[in-house]
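Protein chains in written order, with the working numbering: chain A, 1205 to 1594; chain B, 185 to 468; chain C, 376 to 694.
Everything labelled a hint here was simulated from the structure, so no lab data went into it.
Computed spacing ranges between beta-carbons, pair by pair:
1) Lys569(C) <-> Gln372(B): 44 to 52 Å
2) Gly437(B) <-> Ala1405(A): 30 to 38 Å
3) Lys632(C) <-> Asp435(B): 42 to 50 Å
4) Glu489(C) <-> Gln372(B): 40 to 48 Å
5) Glu348(B) <-> Gly626(C): 46 to 54 Å
Distance condition first, Cα-Cα at most 16 Å in a straight line; then the derived EDC-like pairs of lysine to aspartate or glutamate:
6) Lys364(B) <-> Glu1417(A)
7) Lys359(B) <-> Asp274(B)
8) Lys1359(A) <-> Glu373(B)
9) Lys528(C) <-> Glu329(B)
10) Lys461(C) <-> Asp1403(A)
11) Lys463(C) <-> Asp1403(A)
12) Lys667(C) <-> Glu605(C)
13) Lys461(C) <-> Asp1252(A)
14) Lys412(C) <-> Asp1403(A)
15) Lys619(C) <-> Glu666(C)
Partial list, derived from the structure: chain C residues whose beta carbon lies under 10 Å from chain A:
16) Gly411
17) Phe426
18) Gly433
19) His441
20) Ala443
21) Asn446
22) Val465
23) Ser483
Heads up, the beta-carbon is just placed ideally off N, CA and C, and yes, glycines get one too.
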Amino acid sequence: MKKVITGDHAVAIGAKLCRVEVVPAYPITPQTLIIEHISDFVYDGELDARFLTMESEHSVMSAAAAAEAAGARVFTATSSQGLAFMHEMLYATAPLRLPVVMVNASRTLGGPPGIWCEYNDSMGARDSGWLQVYVEDNQEALDMVIQSYRIAEDKRVLLPVMPCIDGFVLTHTVEPVEVPEQRDVDSFLPAYDPDIVLDPARPAMIGTFMPAEYIMEMRRQTVEAFESAKKVIKEITALFARSFGRDYGGLIDTYHMEDAEIALVTMGTVTSTARQVVDELRQEGKKAGLVKLRFFRPFPSEELREVLSGIKAVGVADRSISYHDGGPAFNEIRSSLYGMNIPVIDHLAGIGGRDVTEGQIRKMFEITQRAAEGEKVKIINWHNTRGETV
Amino acid sequence: MAAQTLAEAAVIEGNYAVAFPFFGAERRGAPVLAFTRIDSKKIYSKTQVYAPDCVVVLDDSLLDTIDVVAGLKPEGTVVINSKEEPDDIDLGVSVRTAAVDATSVALEILKAPITNTAILGAFAKTTGIVRLDSLEDAIGTRFGEKLGKKTGERNALAARTAFERTVTGRSRGVKKLEPKKQWLPTYQELPAGGALIEGKTEAGLIGPGSFIENKVMGWATFRPLRDKEKCTMCLLCWFYCPEGTIVRISDRGDLMTNYDYCKGCGVCANECPVDAIKMLRARV
Amino acid sequence: MKIRDLPDDDLFTAGHTACPGCGVAMSIRNAIRILGKDTAVYVPSSCAAVFGTSFPYGAWKVPFFHTAFENTGACLTGMQAAFEMKGKRVTAVGFAGDGGTYDIGLQSMSGAAERNDDVIYICLDNEAYMNTGIQRSGGTPFGAWTTTTPVGKRIQGNRSFKKNLGDIVIAHEIPYYATLSIGHPLDFIKKVEKAKDIKGFRFLHMFTPCIPGWKMDPAKTVEVTRLAVESGMWTLYEVENGEKRITYKPGKMKRVKDYLIIQGRFRHMNEDDIKKLQMWVCRKWNLHYKEKGTPEICEIELPEEHHAVTEEHREMHGP
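Just need the whole structure built from these sequences, with the hints factored in.
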């Protein structure tokens, strides 16, 4: 069934279709519509779940971890300061292998306080052990909630997943979304069936105090789960494509990369606008391609090396900075391409919610093209900023 | 405290010294491990000590469960708080050994079984690495500043007394000590997220309820003896025992004391309404 | 239930690593014995989390969960929600310390209480952060030495009075709040049993002496709780659906000094400070045991001002 809905609404419907059982919630813009829609579903009897109005995001993730440890499928959503406030609990959830799914509505993490899109909230959680996937439209937002449970609960993975949807650009924007049938989701996503849960019939200890003799092995185990996740993500993407007819490509997606000479790597909704720019550049006879960085964790190093081999220069669009040598995506990509002798250029744009226009993306391609032609361009480029800009 | 005080004494003599504990999660009274390194020049190593020149054992009941001489250099020395003569102490190897009944010294002088200053007196006498007077100064500083001048002086006296009573000899090397088994899974063997249900490994039980593998009798200085004639089976001792040392067997209407788990707190004796429980010295 | 009716089995086994004479271990063992095996526990960061489990070992024979310090209320809420969704009849029980309840965990506890979630929250109150080595918490009594309220040359011991947590919890209008002491076994058993049978948010506030933190003889754990109650430093009562009931009335009021004297943490206190603490206790006593009249000890002039505002308090924090 086609519906014209916001990204937040699409996410809420996605969670409902997954028959989530416990939803601890706390309001924060621009995520709030998600939990409002879910409370409607629960209060109207459309979703059989415990909707818990918690007193903080820290408590949200605490309740989520505890409910998951007790065997329930858990969903929640947060954003920005809320994600920062639950930071401690992100680190508890992942290594304890509790496959919670939480949507983050990407929003600038203050100060200075703001409410619009930036990735400095979720980037701060990139080493917490959560898988992170960035989506470009409302359809992908809904579809990724469903796929996230399938990935998270896979016994080879058992890690929490954080689909990130751009604040306002998706959360508060309506567009047509194909809502899957419940029976199709039911056959795609089996019931959550963990091996060990908190159950007096077979008591378990989860979160035990752990001496140094064991913690390094725990970390290594989590790293292995990340490795498995790469494989599982590809499998689930393919399975989803077969079941629902929408193929998102896996860890990354590509656009006109077959014969591309230069490429731009983008995340989230910038990808969507960039597709249009690539179309224009192609009409102008320029061999430009686009790589959509979907999963930031696990990071698709091998996939990027493969798709970017033979490329003359790569631009990276970063929607946050790490106060050291450009943005996080740029740094990860440059490391991934180490030894390939491809110039990697960082393009900082859209920070704090500033709009990322076709013109800016065109400029990113232009600079990247100059680098491809051997010109010595600046490695880190600030787009659409006052003072010194590109 | 003993390791730090020893370092302080060495520094008083113009040496360089570092002391640090092995941080365990166990509470007061549990066996602990600490290290001291002494040198004439600055010490850069920040690792634990694996091949000591001297091992100081504050509680000889540990000899039954821990291989205290593991890693000890062949020409090294062991200093033990023990009532036994050094030549009668079996360490599994024959090494230079000194013994002193530090618990009695501490009970006499400090009125408490706290042996960390007394044993340092034995260390000074046996090894000569620090002099008794610098040790007394160090004790005065470290204990005196924190706990008052009097306490400092009493602890210095404990060290001096132990210094005088220390006997040196050579340990026996007869027994074979089985190293304590420990379950050390690889990252692949470790259950996901470290979640454990009741289980058994080659090293014993793991998971819920498996703490019974941890025998804690080494913590106790005193232990309870119940006079069955006097006992009225009011069960207060069973209720109050924080350990589970006092086991109730309802079918037989009886109580049993499992000393494996007694830390010697004495609550049972203190609370017994008919005075049927006496606390006796567990050893030494 | 009497002591003899309690089950033999230990759901918190021997071999745990609490200090000798630990009041927390004593309370946990008996509470879980009464609550029974259809229980799942959450233990936040605390001594109990460390001495009750150390991978791969554990003393708990019921499901055990631990993640962080400040989230006992929220974790109980989450666990209970999952049990209800799964149709399991299991009670989620939290064992938090005073720091984890009075201070860092107050918000999370308040949330669970205000929602009246169907869980049991147990506060093991040993009056300081003992796990980190005896630092002052909101539950530390006036005058007490801790490592962060040292006996200094200018200031000696804790200068503020123990936070009235009971009234904060009761203000949430929960079905059951009770104070317990391990030194009063029948009262203890009755209250845990009662909590077990009531629906909604239940709070058991247990007074749990700490040997190293209180600097006392390990054999005196139980004795000191009796002295606390006989002096009025700890009062035994319960509030069921808003109805307050004193569950144990001490005889003639003992001087607070008799309680202080067996604990090293109070040894430095001067007569003035002891008098201040005595006044605080007298107010509490008069509130609790109104009908008994003012004890002789308390027939001293009490200042009009609120008890928590002492001169030192003003000096340190302003009026």
